[in-house]
Amino acid sequence: MKAPAFQYARPASVDDACALLAQHGGDARILAGGQSMFATLNLRLSAPSLLVDINRIPALQGITADAEPGLVRIGALVRHAETAASSVVAREVPLVAMAMHHVAHPAVRNRGTTCGSLALADPSAEMPACAIALDATLVLQSRDGGMRRVAAADYFQGLYETARRDDELLVEVLFPSRRPGEVFGFDELSRRHGDFALVGVALRARIDAGVIRDLRLTTFATDPMPVVSGAAARIAEGERWSPALGEAIAAAAVRELEPDTNHAGGPEVKRLQAATMMRRVLAATFGRGAAHD
Amino acid sequence: MNDLLETGVEEAGISFVLNGRPVRHVVPVRRNLVDFLRHDLGLTAAHVGCEVGVCGACNVRVDGAVVRGCLMLAVQVDGLAVDTIEGMNDSGEIAGLQRAFVACNALQCGYCTPGMLMTACELLRQNACPSRGEIRDAISGNYCRCTGYQSIVDAVALAAQGGQP
Chain A
19 MKAPAFQYAR
29 PASVDDACAL
39 LAQHGGDARI
49 LAGGQSMFAT
59 LNLRLSAPSL
69 LVDINRIPAL
79 QGITADAEPG
89 LVRIGALVRH
99 AETAASSVVA
109 REVPLVAMAM
119 HHVAHPAVRN
129 RGTTCGSLAL
139 ADPSAEMPAC
149 AIALDATLVL
159 QSRDGGMRRV
169 AAADYFQGLY
179 ETARRDDELL
189 VEVLFPSRRP
199 GEVFGFDELS
209 RRHGDFALVG
219 VALRARIDAG
229 VIRDLRLTTF
239 ATDPMPVVSG
249 AAARIAEGER
259 WSPALGEAIA
269 AAAVRELEPD
279 TNHAGGPEVK
289 RLQAATMMRR
299 VLAATFGRGA
309 AHD
Chain C
5 MNDLLETGVE
15 EAGISFVLNG
25 RPVRHVVPVR
35 RNLVDFLRHD
45 LGLTAAHVGC
55 EVGVCGACNV
65 RVDGAVVRGC
75 LMLAVQVDGL
85 AVDTIEGMND
95 SGEIAGLQRA
105 FVACNALQCG
115 YCTPGMLMTA
125 CELLRQNACP
135 SRGEIRDAIS
145 GNYCRCTGYQ
155 SIVDAVALAA
165 QGGQP
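Order-wise, the sequence lines are chains A and C.
Throughout, the working numbering is defined as the position within the first sequence, counted from one, plus 18.
Throughout, the working numbering is defined as the position within the second sequence, counted from one, plus 4.
Quick caveat, the hints were computed from the structure, so don't treat them as lab data.
Quick caveat, the model's predicted, so the values are computed rather than measured.
Misleading hints may appear alongside valid ones.
As the list claims (entries may be wrong) - Just so you have them, the derived chain C footprint on chain A, three or more residues with Cβ under 8 Å:
#1 50-57
#2 63-76
#3 123-133
#4 206-212
All C-beta atoms in this analysis are idealised placements derived from N, C-alpha and C, irrespective of residue type, glycine included.
The shape of chain A in the complex, shown without the other chains (with noise of 0.2 Å):
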C-alpha cells in the first residue's frame, strides 16, 4: 500500500521544528530515519497530517564523549550505523555498541536513528532496554527554548508511550560514560538476524572485588516496556559468580515478567526464552570475569 496524503515540512532550526509541533500538536509526527514511521503510513496503521522532517538541522547531529563531565551524547540525527562504527561509543558506552549488531539490517542501520528508536518505544527495540539499562538521560525540547531532561527509567511509560509531550523534540541522549569496574551483556533471539527480538537482554553491573554489584538486568520484548529485575539485583549483590547463582538469578526475574501472547507464542514460551537468554548473557557477563578472579 501507499502512504495517505500528509503535508511536509523541512525545518532549518530545532526552534522551527518545535514551533510547528506547538501549532499542529498531536497531527505532527517527526521525520528522522522513519524506518518505522514510513512501513506504519503504507499500512495505513498512522496517519498524521504533517511529517516534520528534522533531517536538514544541523544541531542535532554528532557523538560528543564528555559532552558534559561523564556523558556521552547522541544526537537526533545520529544513524544507527554512525553509533555501531563510533569508536566514542565503543569505548565509552559498550552496551550500545553490542545492542547495534543486533538493530535492524545495514539499509535500515543507514537510515534509521538511534534517538528515533527511543522516541518510538517499540518494545522488542535494543535501544530502550539498553537507556533503561544504562540510566541515559533524554532531552527533550519544545518552543521557546524549553528544555527537559527525563531519566529513561520515567521516559518509557508503556506500548509506544513515553513521557515526551506532542509539542516536544527529542534533541539528544545522554549515555553514561563506562565506570572503572562496570560489565555489560546483551543478546537477543530473533527469526532472522536483524529481525525485531522475540526476546532479548540487557545489562549492566559493577564487579568490585570479584563480587557482583548493582545488577541492572533488563528485559526487552516480552512486555510493553523493558523490564528492570529487583529480584536479580537483590541476588546477585555481593555475590560471587556461578552457574548456580544464574540460575537462581533468571529463575527469580522471569517470574518478574507478564509476558502478552501474540504471533511468536504465548507467556510459558516467552518465559523460557527469556529464562534461557537471562541464563546466557549472565555466564557470558560474568563467567569469563570470574575465571580471572
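Got chain A; can you put chain C on it based on the hints?
This is chain C only, laid out in the frame that chain A set:
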C-alpha cells in the same frame, strides 16, 4: 531551499544528482523514493517488494549509503546524490559482482538481484575480504525466494576474491 518547506507542502520541486547527472522534478511529498524512480523516471531496477522495509528489493544508494527506497520520500533526496543499479551498471562499479552472480547461478527470477547487488557492493566497499558469515550477515536484510542464498553467498565471496569464474 523552498521557503514553503518550512511550513508544510503537499508537492515540492526537488533537484538532486541521479547516477551522476543533475535532475529536477516536482513530486507529491507522499511519493516514496522507489516509486518515484520507477514510475516518474523509468528506472525500474529497484523493485517494490514488501513496502515495509523488510525485503530489500528496493535498495538504492543515497549519498553513498544503501537505503530502503520504500522507507524514504522522494522529496527527501532534494540536494543529495542517488545511485541506482542502472548507474552502477553503466559505470562498471558492479561488473565483478555481476559476473560472479552469473557464474554462480546466484540469480533465478532476478527480482531480488538489484537489491542484493546494492547490499553486496556496499559490503565489499567496507570489507574487501568478508567471511561467509559476514556475507550472510550483510544480506540478511534481503529476501530471496529462489536461490536459498547459498549461491548468492558463493557469488559475493567469488567477487571478493577478485574472482573470475
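Now for the hints, and whether the structure bears them out:
no., hint, result
1, 50-57, "holds (count 4)"
2, 63-76, "holds (count 5)"
3, 123-133, "holds (count 6)"
4, 206-212, "holds (count 3)"
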